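J.: Using the sequences provided together with the hints, build the complete structure.
Listed below, chain by chain, are the residues.
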Amino acid sequence: MNTLAARLVLFSLCTVASQMVSAGAYVFSSGANPLIITHPNSYTGTGGEITVTFCVNPASESIADLDISARNVTTVWNTLSPAVGNVLLGGDNDIQPDEVDFESTLLHELGHCIGLAHPNLATESGVPAADRDYTQSGQGPNGSFDLDPGIDGLLGSSDDIRGDDVNRHWFRIADNNPFTIGSIIDLSTYSVDLADLPAGDNFAANADRDVSGLFGIPTTEAVMQQGASFDEDQRRLGHDDVATIRLGMSGVDETQGTADDYTINIEYIGVANNCDVQLNVTGASFAFCSISSAPVSPPNHLRINSANIQLGSAANFNWFFNPNLIVELAEEFFEDGFEAVDP
Amino acid sequence: MFKQLSIGVLLTAILCCPSQASDAPLLLDYQREFSMLEEADNSVDIKIFSDGTVQVHYPLFMRRAGDYRYQLNSDELDNILQSLRQLGVDEFNAAATRQALAQQQALALEAAQTGGGSMRIVTDPETTRVRIATSLIASVDVSEHAFSFSGVRHQAEIYPQITALGELASALNILDILATDQRMQRIEVTP
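Residue numbers (the numbering used here), protein chains in the order written: chain A, 1 to 343; chain B, 344 to 534.
In case anyone wonders, no lab produced these hints; they're calculated from the structure. A quick note: this is a predicted structure, and the numbers were derived from the prediction, not measured. The reader is advised that the hints may include incorrect statements.
For the chain A half of the interface with chain B, some residues (derived, Cβ under 10 Å), not all of them [to be verified]: (1) Thr44; (2) Ala129; (3) Phe230; (4) Cys289; (5) Phe321.
Footprint (simulated), chain B over chain A, 3 or more residues, beta carbon under 8 Å [unchecked claim]: (6) 222-228; (7) 292-306.
Cβ coordinates follow ideal geometry from the N, Cα and C atoms, glycine included.
T.: Below, the structure is given as structure tokens:
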């Protein structure tokens, strides 16, 4: 009996942790701990504005080329303005067919560095590439992912049949629509518990570009969704990105409008050391953020303690560096009329 | 070691049909997948053939985009194969390593949640895929060993106690060097 119990504990440890790395809606969450919310560096549980400093490592390559993109991504994350139609491909952007957009990649990695994970079953899940658009989850008691796209055939939509998989994607209780957002974003309006889904929905939908088509909006995808293309501009946040950050901003009580709420001010310093987030362009890896944790309020609230972004050397990768500095972000976002923010 | 290989073993170690790079049997196929990009062409692919031919593919978004080939001499090939054997690539057990990793991650998270430690993760891990003709370079009696693993290098750095990961990371470094050899000549490969 003791042996059996030990095996069960071991099995539990293994199955719940196996997709932990960079997982769920928040980094450090897992199938066993889907309620974990990870906050940016500097948040200790006390409300108010928190400042996250962002620097380029003095030893970085491409310092002059990346400066505008570093400023732009800082503006985008500080503004938290959700957009639809944020995926611009081919002739809709100024990127060449064999190039990858540095700014879009940096925007994604900076999101990791302030606590966000992939909304989809990304590389860390170990599933084949064809299954990576399913919604982020743990494997559940059976120790494997249950992946059925449902009647619509679309991965990551609300009719997916996921067996005993443990949802880790915070969804909007009102409509399970990751392309909308409300004015109140806290535990009263968002959940990871599948019992809170709207009637008829099977699983949390994620903000994948193919799923956006179900809602009849222009091609839209969460910036934090893993899976980009060459020749792709995705420099504006989706609603899901904003909602996830704002859920964290409701503080450790997970209630908006209370004393522990915070706002985030990412401060781009330029070339310097010892910032909360350091950017380094070098090497043969494509892109990643290396993050360590610190506790805020046990057991479900952690924060980023250190964050280092590395994007590969321009000697190895065909980066496109955006030459245009964002000046009027909000006007640019909403000039197309696709505000899509519910009251 | 290469010279010690028997012709009989060579003949039985063919992984697949002859490649366009060489008619010799394929010894090893290593793919370094940049998983953030969901394009089909998102990997550096290194193939080593039994006659010493090395063929390298770089995807479209890399500076070296295209296909290349060059020839290792028998001593070079011998050294590489010996190193890979010593690092256990031919016997790497992905499932067991994942289990060991999961246990370490669970402990790290528990410590992080209770304030007893810090957990470290690295986002957007690359995926390593290896297919290897073990009968050519190892003692085990199987004709092919294939595995994939995400984030080998970073996980090896974070969890050095998992020696299999550290050894695999070292092996990947050896293989990566093959893709930067100055002898590489661009070739045209028809799909």
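J.: For each hint, tell me whether it holds in the structure or not.
T.: Status of the hints after comparison with the structure:
{"no.": "1", "hint": "Thr44", "in the structure": "12 Å, violated"}
{"no.": "2", "hint": "Ala129", "in the structure": "7 Å, holds"}
{"no.": "3", "hint": "Phe230", "in the structure": "5 Å, holds"}
{"no.": "4", "hint": "Cys289", "in the structure": "5 Å, holds"}
{"no.": "5", "hint": "Phe321", "in the structure": "14 Å, violated"}
{"no.": "6", "hint": "222-228", "in the structure": "holds (count 3)"}
{"no.": "7", "hint": "292-306", "in the structure": "holds (count 9)"}
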